[in-house]
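K.L.:
Heads up: the sequence lines are chains C and Z, in that order. Residue numbering for the first sequence follows our numbering, beginning at 9 and increasing consecutively. Residue numbering for the second sequence follows our numbering, beginning at 9 and increasing consecutively.
Read the hints as simulated data drawn from the structure, not as lab findings. Just so you know, not all the hints are guaranteed correct.
Footprint (simulated), chain Z over chain C, 3 or more residues, beta carbon under 8 angstroms [unchecked claim]:
| # | stretch |
| --- | --- |
| 1 | 171-182 |
| 2 | 247-259 |
| 3 | 284-298 |
Everything numeric in this text was worked out from a predicted model, so none of it was measured. Where a beta carbon is used, it is the ideal one built from N, C-alpha and C, also for glycine.
Chain by chain, the residues:
2 protein chains.
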Amino acid sequence: MSRRLGIVGATGAVGKELLGILEEREFPCEEVRLYASAASLGKTAVFRGQELKMQELGPNCFAGLDTAFFSAGGELSREYVPQAVEQGAVAIDNSSAFRLDPEVPLVVPEWNAETLAAQPRIVANPNCSTIIMVMAIAALHRELGIRRVNAVTYQAASGAGQRALEELRAASRAALAGEAFEAKVLSHDIAFNLLARIDRFGADGYTGEEDKMLNETRKILASPEMQVEATCVRVPVERCHSMSLSLDLSSPCSVPRARELLSSAPGLLLQDSPEDDLYPQPADRAGTDAVAVGRIRESRCYPGGLVLWAVGDQLRKGAALNAVQIAEELL
Amino acid sequence: MSRRLGIVGATGAVGKELLGILEEREFPCEEVRLYASAASLGKTAVFRGQELKMQELGPNCFAGLDTAFFSAGGELSREYVPQAVEQGAVAIDNSSAFRLDPEVPLVVPEWNAETLAAQPRIVANPNCSTIIMVMAIAALHRELGIRRVNAVTYQAASGAGQRALEELRAASRAALAGEAFEAKVLSHDIAFNLLARIDRFGADGYTGEEDKMLNETRKILASPEMQVEATCVRVPVERCHSMSLSLDLSSPCSVPRARELLSSAPGLLLQDSPEDDLYPQPADRAGTDAVAVGRIRESRCYPGGLVLWAVGDQLRKGAALNAVQIAEELL
Numbered sequence: 009m010s011r012r013l014g015i016v017g018a019t020g021a022v023g024k025e026l027l028g029i030l031e032e033r034e035f036p037c038e039e040v041r042l043y044a045s046a047a048s049l050g051k052t053a054v055f056r057g058q059e060l061k062m063q064e065l066g067p068n069c070f071a072g073l074d075t076a077f078f079s080a081g082g083e084l085s086r087e088y089v090p091q092a093v094e095q096g097a098v099a100i101d102n103s104s105a106f107r108l109d110p111e112v113p114l115v116v117p118e119w120n121a122e123t124l125a126a127q128p129r130i131v132a133n134p135n136c137s138t139i140i141m142v143m144a145i146a147a148l149h150r151e152l153g154i155r156r157v158n159a160v161t162y163q164a165a166s167g168a169g170q171r172a173l174e175e176l177r178a179a180s181r182a183a184l185a186g187e188a189f190e191a192k193v194l195s196h197d198i199a200f201n202l203l204a205r206i207d208r209f210g211a212d213g214y215t216g217e218e219d220k221m222l223n224e225t226r227k228i229l230a231s232p233e234m235q236v237e238a239t240c241v242r243v244p245v246e247r248c249h250s251m252s253l254s255l256d257l258s259s260p261c262s263v264p265r266a267r268e269l270l271s272s273a274p275g276l277l278l279q280d281s282p283e284d285d286l287y288p289q290p291a292d293r294a295g296t297d298a299v300a301v302g303r304i305r306e307s308r309c310y311p312g313g314l315v316l317w318a319v320g321d322q323l324r325k326g327a328a329l330n331a332v333q334i335a336e337e338l339l
Numbered sequence: 009m010s011r012r013l014g015i016v017g018a019t020g021a022v023g024k025e026l027l028g029i030l031e032e033r034e035f036p037c038e039e040v041r042l043y044a045s046a047a048s049l050g051k052t053a054v055f056r057g058q059e060l061k062m063q064e065l066g067p068n069c070f071a072g073l074d075t076a077f078f079s080a081g082g083e084l085s086r087e088y089v090p091q092a093v094e095q096g097a098v099a100i101d102n103s104s105a106f107r108l109d110p111e112v113p114l115v116v117p118e119w120n121a122e123t124l125a126a127q128p129r130i131v132a133n134p135n136c137s138t139i140i141m142v143m144a145i146a147a148l149h150r151e152l153g154i155r156r157v158n159a160v161t162y163q164a165a166s167g168a169g170q171r172a173l174e175e176l177r178a179a180s181r182a183a184l185a186g187e188a189f190e191a192k193v194l195s196h197d198i199a200f201n202l203l204a205r206i207d208r209f210g211a212d213g214y215t216g217e218e219d220k221m222l223n224e225t226r227k228i229l230a231s232p233e234m235q236v237e238a239t240c241v242r243v244p245v246e247r248c249h250s251m252s253l254s255l256d257l258s259s260p261c262s263v264p265r266a267r268e269l270l271s272s273a274p275g276l277l278l279q280d281s282p283e284d285d286l287y288p289q290p291a292d293r294a295g296t297d298a299v300a301v302g303r304i305r306e307s308r309c310y311p312g313g314l315v316l317w318a319v320g321d322q323l324r325k326g327a328a329l330n331a332v333q334i335a336e337e338l339l
């Protein structure tokens, strides 16, 4: 079952990662088309030793494709995902455009691949922080029932795209040299600083990112009653999102039992040895597939509850890898 | 009432700040003696235009002092604080050595200055993250009663001392140049990374820093029932500790009421205008006295509760400023 694939947003942080993961995982494909904005048309990318040129989006550009990955923002997805579907492709969309559409499955394949059984034409890839949190908590939820999560994130600059990552580096260089720097991609200078706003503010003071962690988690885990209170913060880290998760459980759980449940959960790496000073770090996770969990301890706020520290590469499991896993499930 | 003062640990990050704050606030003193380790004996510091030489600790070195500030670690405090007291000085100790001693007041002057009324010979200055949290929540606690706090911190490198700050800079330079770097002060390379352990691990998986935020807050606020579940994380920020605080309240509180209570709290700066993209940032707080609070919203986990984002300069209000304020109260 060899496939013809398209990647929209191929020069972006997630798009580049997608191409690399398709090659690494030997995804069965006979053609890959890369789409980018007009500004990137001269650029190329290498896939299985072949140089591929960027193409522009336009009328009938998806004709002949089996699967189109979208990772170029919500506006572009709203316009082109329906066209890709009309031209015969299945769209796997990394933007937020369709995630809460009741007709569209929102998928973390380890935990709700069954929503793909009906062979949908559009599949939504969840928000990166949401995927990492779901990977860290789903095994506990299935076994014990999670009622409430206090989630506090430490999100890498590359979560805001390739240009934000470059801005982190440029801003850090300027700060170390004692030079002034004006932020252009992020809202403020991120060098040695923290920005406690990701996405737009809503009327209730929560940001779009914080709402995603609530609404998308409820949909993925089919648990509309679960409360997720998130505080999402951009940190001067290049890659990998980290988070503290405090869990209120329906059935109490000891630390050894939690370690047992998490060590056998798919896609999860237990890094929890205080005696060896071992706990998840973004520097260790960058470029790897598994979400790491550690610092497991009894909650001091929720009797019988737990506190965890989770770190995952948001460009891989938080975006590109998850999208490729969805495509693999659909094969 | 002019005083003779001593500063133990005068070349450290907090010691330097202490000297600057004494000068800024025109603290009435006729003599300042600076104590440092043997390695720093050649060094000097300037106070009110006068060059002061570092002295070594030794027999009878505190004789004649009214007040001795200690900021050179727990071991040294345990040895020399009793000597300073014996030689007639009041010791204001920034280490953790005496903080939980029932005979020693643990003071954030805005909130429990009354514990100084008995003119104690030793006063403990709380942990830096604890002071910043107490400043952010005490007004709400007094008015509404806080039952539980989920505290998740983002702590600056300088919280681990001057050498850790220098290591952050050196490590960041190396990372940007693509060069290897070996951490010597912090336990792992902090450049563009996060270290989710501060202080030692306890048997229950919580760290010393996380225990301090629980035990010291209970003592300062005289609220032994309050639960504080902390996750403390070192971040690649030079200066200022930041934290997300989720509060379970005995009496429900709206966001406007919280803003009203916090805007009139001493030493607090309300920075909470989503419409202007205004929220506290460590880069803005560095070198300033007030703890800033923003991102105030209704808790999604605790009915009637609140979520806050607080940032404060941990070398000033989190350490040196608080110690000087204690000395001012004692005058």
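K.L.:
Of all the hints given earlier, name the ones this structure violates by number, lowest first.
P.N.:
Result: no hint breaks.
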